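A.B. asks: Please model the entire structure based on the sequences and the hints provided.
Each chain, letter by letter, is given below.
Protein chains: 2
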Amino acid sequence: MIRVGIMGYGNLGRGIECALKQNSDMELVSVFTRRDPSSVKTLTEGVMVCSVEDAVTMKDKIDIMILCGGSATDLPVQTPEYAKYFNVIDSFDTHARIPEHFDNVDAAAKEAGNIAVISCGWDPGMFSLNRLYANAVLPEGNDYTFWGKGVSQGHSDAIRRIEGVADAKQYTIPVEAALASVRNCENPTLTTREKHIRECFVVAKEGADLARIENEIKTMPNYFADYDTIVHFISQEELDKNHSGIPHGGFVIRTGKTGLNKENNHVIEYSLKLDSNPEFTSSVIVAYARAAYRMKQEGMSGCKTVFDIPPAYLSPLSGAELRKHML
Amino acid sequence: MIRVGIMGYGNLGRGIECALKQNSDMELVSVFTRRDPSSVKTLTEGVMVCSVEDAVTMKDKIDIMILCGGSATDLPVQTPEYAKYFNVIDSFDTHARIPEHFDNVDAAAKEAGNIAVISCGWDPGMFSLNRLYANAVLPEGNDYTFWGKGVSQGHSDAIRRIEGVADAKQYTIPVEAALASVRNCENPTLTTREKHIRECFVVAKEGADLARIENEIKTMPNYFADYDTIVHFISQEELDKNHSGIPHGGFVIRTGKTGLNKENNHVIEYSLKLDSNPEFTSSVIVAYARAAYRMKQEGMSGCKTVFDIPPAYLSPLSGAELRKHML
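Chains as they are written, first to last, in the working numbering: chain A, 802 to 1128; chain B, 802 to 1128.
Hints are computed from structural coordinates only; laboratory data are not their basis. Honestly, I wouldn't trust all of these hints.
You can't tell identical chains apart in this list, so a pair holds if it fits in one copy or across any two.
As the list claims (entries may be wrong) - Calculated pairs, DSBU-like style, for lysine-lysine (alpha carbon to alpha carbon, straight line, at most 35 angstroms):
| no. | residue 1 | residue 2 |
| --- | --- | --- |
| 1 | LYS1058 | LYS822 |
| 2 | LYS1063 | LYS842 |
| 3 | LYS1125 | LYS1058 |
| 4 | LYS885 | LYS1097 |
| 5 | LYS1125 | LYS996 |
| 6 | LYS950 | LYS1058 |
| 7 | LYS996 | LYS950 |
| 8 | LYS885 | LYS1019 |
Computed from a predicted structure; not experimentally measured.
C.D. replies: Laid out in structure tokens, this is it:
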């Protein structure tokens, strides 16, 4: 059994807990929290809840620590820190800062002889893998990534900060015409506006000026100004009833040419349609946690990403079983 | 530069030759043929054409030999044989015999200290990878593979063997309703007939009995009897004009559930739409040839499949470049 710790018990931590139940070679040893441990109730009977302060004392009882903090401030500190004591895995998703994060984590993990997997999930993660494979296979071509339909937590939060807004949910939606053009090998150059629509469901406070709220949303720099944005005002009941999920997904498409005169077109498309963004991210992380454990068993160390890990390491099946049933 | 040999110069061999032109770190050294070398004209100026008999004498001039023979009789012999002298890669695609082929090739490659990659292409190959990744990420779910729309060489050949048939082309086409049901997470159990349609374009010889030909096609065991089959009789001119390509493609879909009570559905879908089946297969093989060369440089040996090879090995970019641009 691979003994797992979960550091941080929000949506992602609970998703990891559920995913572990679907993998019979892994067991959850303890959840670690910054809150008072006695205030945290896990989904699983009998799982220990410990303070983050006590994590290091558990270093011989945990084969891999799954870090479920945020990319803005938690993971840049936690991943290199805990890589000193544990094999670790995170879902660091600030794309621009990945090289720096990699270097920090790599130094710590190598020094300690541990494996650290960073930026695991679906983007970065499964989407990145598909970009890499498709680029290697079709060296002459174009890459497109579309996100959605799905909830953007950051954009929902931005709307909620507007005066007069009680609650809100924002969906990012790919533009169908853009997808069709890409799939048709037209190699379009797409503006931000041409790629995605933003649809907002907003609960206004009583007496709030709806026209002003709508205008503030649609003109908000970075978040909405560059998009075609649709705003619906609805009741809190309707929001709770129809928009309480956290779905997401998207498309990674590469089109490219082959042939002596580049006469043949090819389309490689990978897509995800997810009812629960955090639970799917968790499922990816748990498969890579298995891989990290195996790499450590084989004597490897240092920071790894999905690019460095042989696919077979993710599966509980043996090489012979995989070749027989999946090749 | 990675120095490449091509063994066998049919559609696949020519596809490899074209793909190498798109990869500036690789060069074609020689084509090897069973025909009289002077009768073979390559697409590239100045490429040597040698007899297969002379291949072994070139063992120090070639970093990897790409074996472009057929799976029925060529590769079971050639891959273990040439793995004694070269790093090799093949596209062995008889799924049921992969375990046996793997063992034979592994023994020869290990003995010689070479790397051998088998069963490379898109199915087996990229489709297999997607089955593995999706299964590892969603342990509780269902797998579906659909092929097409594309030309089946075997089915086209079977039609051409019918008396009164001058020429023929057969397309395998996924049934849209089945695809829709799968994507909708209905987890259908699909019969052969429910998954694919077979559409045939047939040129009859003058005076042939069309009704008999159509009946022989539709009732042919293994090939057509279990499918809904559409037969069109057309002229040779029309066949040559509209059906001379070798397109193919397909879909690998896994649907699965997560959550404490399995309340959330997820759909992972990978699809290919290819103008040229052999050229795309070649493009995959060439990327894995690069990986094989690198593994050999690192001192590894033995038989490998797409499951064993870290994705980063396929790309000409460095780890740091990949993390910066594709993660």
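A.B. asks: If a hint holds in the structure, say so; if it doesn't, say that too.
C.D. replies: Okay, the hints, checked on the actual structure:
1. LYS1058 with LYS822: For LYS1058 and LYS822, only the inter-copy Cα distance (12 angstroms) is at most 35 angstroms; the intra-copy one is 44 angstroms.
2. LYS1063 with LYS842: between (60 angstroms within a copy, 20 angstroms between copies)
3. LYS1125 with LYS1058: both (33 angstroms within a copy, 25 angstroms between copies)
4. LYS885 with LYS1097: Intra 14 angstroms, inter 32 angstroms, cutoff 35 angstroms: intra and inter.
5. LYS1125 with LYS996: For LYS1125 and LYS996, only the inter-copy Cα distance (23 angstroms) is at most 35 angstroms; the intra-copy one is 41 angstroms.
6. LYS950 with LYS1058: both (29 angstroms within a copy, 19 angstroms between copies)
7. LYS996 with LYS950: Intra 12 angstroms, inter 28 angstroms, cutoff 35 angstroms: intra and inter.
8. LYS885 with LYS1019: For LYS885 and LYS1019, the Cα distance exceeds 35 angstroms both inside one copy (46 angstroms) and across copies (66 angstroms).
Figure legend: structure checked against the earlier numbered hints; the only hint not met is number 8.
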